[in-house]
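Q: Each protein sequence line maps, in turn, to chains W and F.
Taking the working numbering, the leading residue of the first sequence gets 1015, the next gets one more, and so forth.
Taking the working numbering, the leading residue of the second sequence gets 1015, the next gets one more, and so forth.
It cannot be assumed that every hint is accurate.
In this list, chains with the same sequence are indistinguishable; a pair is considered to hold if it fits within one copy or across any two.
As the list claims (entries may be wrong) - Taking lysine to aspartate or glutamate and the DMTMM-like style, the derived pairs with C-alpha atoms no more than 25 Å apart in a straight line are:
no., residue 1, residue 2
1, Lys1269, Asp1186
2, Lys1269, Glu1233
3, Lys1070, Glu1273
4, Lys1070, Asp1268
These aren't lab readings, by the way, just hints derived from the structure by calculation.
Quick caveat, the model's predicted, so the values are computed rather than measured.
2 protein chains.
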Amino acid sequence: MKAMYRTGRELRQAARSGNFSGHTSGEAPGSVQANLVILTRDWAWDFLVFAQRNPKPCPILEVGEVGDPLTRIIADGADIRTDIPRYRVYIDGDLAEEPLEITSRWQEDFVFFLLGCSFTFEHALSEAGVPLRHNQEGVNVPMYRTARECAGAGRFKASPMVVSMRPLTPADAIRAVEITREYPGVHGSPVHIGDPDGLGIADITRPEWGDPVTIRQGEVPVFWACGITPQLAALVSRPPIMITHAPGHMFVGDKADYEFRLSG
Amino acid sequence: MKAMYRTGRELRQAARSGNFSGHTSGEAPGSVQANLVILTRDWAWDFLVFAQRNPKPCPILEVGEVGDPLTRIIADGADIRTDIPRYRVYIDGDLAEEPLEITSRWQEDFVFFLLGCSFTFEHALSEAGVPLRHNQEGVNVPMYRTARECAGAGRFKASPMVVSMRPLTPADAIRAVEITREYPGVHGSPVHIGDPDGLGIADITRPEWGDPVTIRQGEVPVFWACGITPQLAALVSRPPIMITHAPGHMFVGDKADYEFRLSG
């Protein structure tokens, strides 16, 4: 897919001015993309502790100051209320609307979180020549609810970890472990390899989110913790208000994917 | 130094019953040791965001539930009020007392934080044959305030990063980078190698905390982010009450040092 926008800044400007409300997959190649969660400060505490206890599914890249909608870390001065192509507003855990900006909904006690996304490590895998089946087949990565529980925190009860799956040859699976362990800030190394039963997944051909992909003879399914996990945990606990990005409509930052490689 | 206690549980029991109030260096060999910070929930938010923004100096291993003094992650059911050999109570940023337990001081809105400590990666360095000068010379590791600023968070203003220093041959310095990068949960890889001026350290022979150590001909100083950083940041912001462990009198957990190696 050919990118419409070369940089995160260009894409955010287009989103802000109302000229872009589409998916961000393939946009601003090499720039970090992130999941958005906005909660009131009261609920934000539980969310941040939940993320600290479950770093693989909930890799936090940036936490805003209370009441401040401007980013400072993964992008310089982006406005979290306008610079994402599409949002979802959840009231008491139910989806209420899907607006293109949330300026009028912003509250003085809001805190935003930006969480790492597998696009970042997929970029590293592709660069290393590890093929990604869902890209080859032009579909979304398959995602599954597992029997593995995340540790609870406050009102965020223990809840299931969600994983994404990529089928790989054993040799590529080993390389994928080596590569993704270098990216602890964006889910890190896999949580499981092989038999889906080990995660309590009954039918690998029926993902709960995304699309099924072909697992070829001799390939093993490789499972990574998935950023849907924290949104699921938050929804189950039914906060009075939560705002997220709409699926596939991510925040696109200024930082490069490679900057999330483990380092100083 | 010969350990008096074989396990973290034994040491914590001795601290709880008043039979041990000493330094924990060398105790329960191979068990993780951790720095303690207790704040009210109101201040805990700023502290947790500060830590998220500065993971190298502030590696958080466990956050307690609000009002709950029991650990669940790095030790099973340790009582944070009694199981550390010695505490420090700071009122409005000033040291007020140094009690052996804090049961009567515990508040319903207290949150405890346990933060990683360089003992964990030093264990890994020693196992790999990388010599530690301060151990060879029987002194504390030298620590320095730097000109490098940590990102602020809420009432925790931008404040200087504190570093510890170990002199190594260039070959050992390279191995030390390789080894400690595997421990992002306990400060990770160094923040600087070589000229102390690069960190704004004027006189390497005069550390601000700990003791000076010999830098031999052909060795380079290697600097790691240090767990004193968050305590310094907290004190500067003068919370009404903060409780920490007394220096050298650490929390000793059940988890093994090697469990903090980067992995699933």
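Q: Each hint needs a verdict: does it hold in this structure or not?
A: Results of checking the hints against the structure:
1. Lys1269 / Asp1186: neither (27 Å within a copy, 32 Å between copies)
2. Lys1269 / Glu1233: neither (34 Å within a copy, 35 Å between copies)
3. Lys1070 / Glu1273: both (18 Å within a copy, 15 Å between copies)
4. Lys1070 / Asp1268: both (23 Å within a copy, 22 Å between copies)
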